[in-house]
Each structure stands twice: as C-alpha cells, then as structure tokens.
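Asker: Sequence:
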Amino acid sequence: DVAAYNEEIRNRLQRVGLDGQADSFLVGVPDVKNILAARRESILGEIRNFETGGQGSTVPSLSELDRQTTAIKGRLQLSETKRKAFEKYQTERQALVGAIHALREEIAEIQGSVKESLAANVKERLERYLDIFDVLQEERRTLEDLYDPLREVLQSGGDVGRKLTFWSKINAELNAHTQRCLTELLDRTRRGRYREENALGLAVGELWRRIEESEFQREAIRTAVSEFYESFLSDADGSEVRVADQLRVRKAERDFDDWFFSTDLYSVSYSIKFDNKDLLLLSPGQKGIVLLLLYLEIEQEDRRPLIIDQPEENLDNVSIYDNLVEYFRKCKKNRQIIMITHNPNLVVNADAEQVIVADFDGARTPKIAYHSGALENTVLPDGSRGIREHVCRILEGGAEAFRRREKKYWLPPA
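Under the numbering used here, the first residue of the sequence shown is numbered 1, with each subsequent residue one higher.
Please keep in mind that the hints were generated in silico from the structure rather than gathered at the bench. Watch out, some of these pointers could steer you wrong.
Calculated pairs, DSS-like style, for lysine-lysine (alpha carbon to alpha carbon, straight line, at most 27 Å) [what the hints assert, rightly or not]:
| id | residue 1 | residue 2 |
| --- | --- | --- |
| 1 | 332 | 273 |
| 2 | 115 | 251 |
| 3 | 73 | 88 |
| 4 | 287 | 277 |
| 5 | 169 | 88 |
Generate the whole structure from the sequences, applying the supplied hints.
Answerer: Spelled out as structure tokens, the structure:
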C-alpha cells in the first residue's frame with residue numbers, strides 16, 4: 001500500500017514540476033520482511049507442533065486426536081451393536097414372558113380338568129385291554145361250538161373214535177413280547193427294576209401264569225396287570241422311578257404303553273388229541289390214522305367206494321390192529337372199501353371179503369398176473385395155490401415162516 005501511495009505522489013509531483021523534491025514528499029517504510037518472516041516461521045512451528053506433538057507441548061497433536069477420534073467412533077459403533085442386541089433381547093424376553101404365562105395357564109388347566117380326564121382315560125385303557133381276554137374266551141368257545149357236532153359223532157363211535165378229542169387254548173408269545181421290550185425300549189444301563197438279564201422274562205412269565213390260573217377272570221387279570229405295571233415305577237431298591245427314566249434315547253412313555261398294552265401276542269389255537277397226545281407230537285403214521293379216522297367218521301353217510309393206499313405206512317402193527325382194523329370192519333358194512341396194503345392185519349383181521357393178489361413177472365417181457373377170491377379159497381383142484389396160500393406167502397413170508405414165528409411166540413391159549 002505504501003509503495004502504491006508513493007508512486008501516485010511521484011506522478012503528481014511530476015505534473016507540477018516538483019519531481020526533484022520527491023524525497024521530501026515520499027513516505028518512508030521500515031524493513032518489515034524479516035519481522036514477517038520470523039513471525040511466519042513461528043506460526044509454522046506451532047502448526048508443526050499441533051500436527052506432530054512437539055517436545056514439551058501440552059496440547060495433543062492432530063495425529064493423537066485422530067487416533068482418539070477413531071477409537072471413540074469404534075466405541076460408539078460397538079455401543080450401537082450392543083444397543084441393537086439389547087433391544088432384540090428385550091423383544092425376545094417379552095415374547096418368552098408371554099409364552100411362559102400362556103404355558104402356566106395351560107398347565108393349570110391340565111392340572112385341573114385335564115388331569116381328571118387323563119386319570120379316567122388311563123382307567124378306560126385298562127378296561128379296554130381286559131376286553132381282549134373276553135374276546136379270546138369268546139373265540140375259544142366259538143371254536144368249541146364249531147367242533148361240537150364232530151365231537152358228538154366221535155363220542156358215539158367205538159373205542160377208537162373216543163380216543164379223538166378236540167381242545168382249544170389261549171396262547172401268548174411271551175418270549176417275543178419280552179425281547180421286543182429289551183431290544184427296542186428299555187435301557188438297562190439306567191434305572192429300573194428290570195436291568196438283570198432274565199428279570200423281565202421271569203416277570204412276564206409270572207404275569208401270564210397268574211392270568212391262566214385265574215381262568216381269565218376279569219378282576220384277577222386287572223389285579224395282575226396293574227401290579228405288573230406298577231413294578232416299572234419303582235427301582236430295585238424300592239425308590240420311585242419314572243418309566244421315561246428307563247427308556248432308550250428317542251423313546252417316549254407312549255412307546256412303552258404301546259408295548260405294555262399290546263394285544264398282538266395273544267391268540268387262540270386249537271388242535272386234535274389222539275389218545276391224549278397232541279396232534280403235533282404224533283408220528284407221521286399216527287397223524288395218518290387220525291386223519292383217516294376223522295374222514296371215516298365225518299363221511300358216515302357217504303356210500304361211495306373208498307380207495308385207500310397203504311394206510312399202514314409208518315405204523316407199527318399194534319397201532320394198526322388197535323385202531324384201524326376195528327374201523328374198517330365197521331365201515332365196510334356201509335360202503336365198499338378198496339385197500340392196497342402189505343399188512344396181514346388189515347387183510348386177515350379186517351375180514352376182507354375179496355382179496356386180489358398181483359404177481360409181477362420181471363422177465364424180459366414184464367407182466368402182472370392177478371388172482372382173486374375170498375380168504376376161504378385154498379389149494380385149487382389142479383393143485384395150484386389158492387388165495388389163502390397167496391396171502392400167506394406175500395403177507396406172512398410163507399407157511400413155514402408163519403409156523404416158525406408161532407413156535408417162537410409159544411403163546412398160551414387165549
């Protein structure tokens with residue numbers, strides 16, 4: 001500004017002719033450059049102190065302020081995350097409080113009317129389980145009624161017919177029932193009374209024994225079943241234990257109840273006894289006798305001829321004589337019986353009316369020759385063998401063999 005002022009003064013002095021006297025009119029200015037430079041340097045030094053934090057400075061540097069600012073921003077961000085998490089927690093907590101309140105009301109309702117209903121349902125379940133035994137007994141009676149006509153026929157027959165009897169029985173698959181519980185439900189490493197190897201099997205067997213001995217009386221079965229169920233509610237030392245505490249992983253008390261009250265193990269079986277022996281225990285030959293006797297008894301009104309092929313197979317002579325001979329002698333009065341046999345009891349003692357002997361000639365040109373007649377037919381007029389000789393030869397091994405056996409037996413007179 002001073003320089004511009006002096007220049008204007010010079011111009012004006014020149015116009016009036018006083019430019020030679022300019023020094024008298026010009027304004028002098030001291031040398032301020034060094035002063036300004038020193039001040040500038042001082043200010044720059046202070047700026048550097050602010051930026052880097054010079055030694056002895058009591059004011060934090062900009063870099064320190066930046067670091068503090070960044071840390072504050074981080075803490076603010078962390079606080080914001082926590083705030084949002086807290087708000088979410090509060091929301092979820094409020095929802096849980098509401099759910100807990102609703103559950104408490106539901107529990108109170110269950111402990112009230114629903115608890116009473118549950119007790120009634122448990123009692124009703126036991127009654128429906130007991131009904132199965134009534135059904136089984138009814139099924140057994142139905143089977144017995146079904147066989148009554150045949151039973152009456154057999155009882156009205158001879159001594160052999162009365163040897164045939166029919167029986168029915170209620171069965172229980174105890175072993176399969178027990179194994180199902182042990183392999184699928186019970187965890188024997190946990191609590192419970194049935195952790196020993198055979199404990200449950202013995203208990204199930206005892207339950208069935210009590211049921212059978214009571215002759216399936218409803219009250220006796222109710223007591224036995226209830227006591228068996230209660231045995232699962234106490235440990236070996238007598239302390240109380242829940243059923244759920246004895247089960248395998250992912251098995252619930254409902255699975256246990258489905259097993260306990262299962263009716264699949266019960267069934268009604270029926271069979272025939274011959275001379276007080278179950279049909280299943282008879283030999284194949286004895287089974288054949290039973291079936292033949294049943295057929296002959298059932299078909300008493302049938303008059304058609306009956307062809308029987310070797311009824312003596314797998315039978316001893318005592319069984320043949322005691323059981324079959326009587327029946328054939330009785331049945332031949334009502335129908336013609338044609339029998340193929342190698343047993344002399346069935347031919348001789350059953351009084352065959354007509355005997356046909358088949359002789360097989362296995363020569364180069366095989367052929368079969370037939371001879372027929374009554375047992376009374378003996379040596380023919382031409383000296384050839386009659387029916388009696390043929391029968392003795394084939395069935396007894398010949399007259400000489402028959403006489404030798406007679407001497408061996410040496411039986412006293414009847």
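Asker: Are the hints correct? Go through all of them and say.
Answerer: Evaluated hints:
The suggested pairing of residue 332 with residue 273 holds, with an alpha-carbon distance near 26 Å, which does not exceed 27 Å. For a cut-off of 27 Å, the pair hint linking residue 115 to residue 251 stands: about 23 Å separates their Cα positions. For the hint pairing residue 73 with residue 88, the CA-to-CA distance comes to about 23 Å; that is within 27 Å, so the pair holds. The suggested pairing of residue 287 with residue 277 holds, with an alpha-carbon distance near 11 Å, which does not exceed 27 Å.
Of the supplied pair hints, the one linking residue 169 and residue 88 is violated, its CA atoms being roughly 69 Å apart against a limit of 27 Å.
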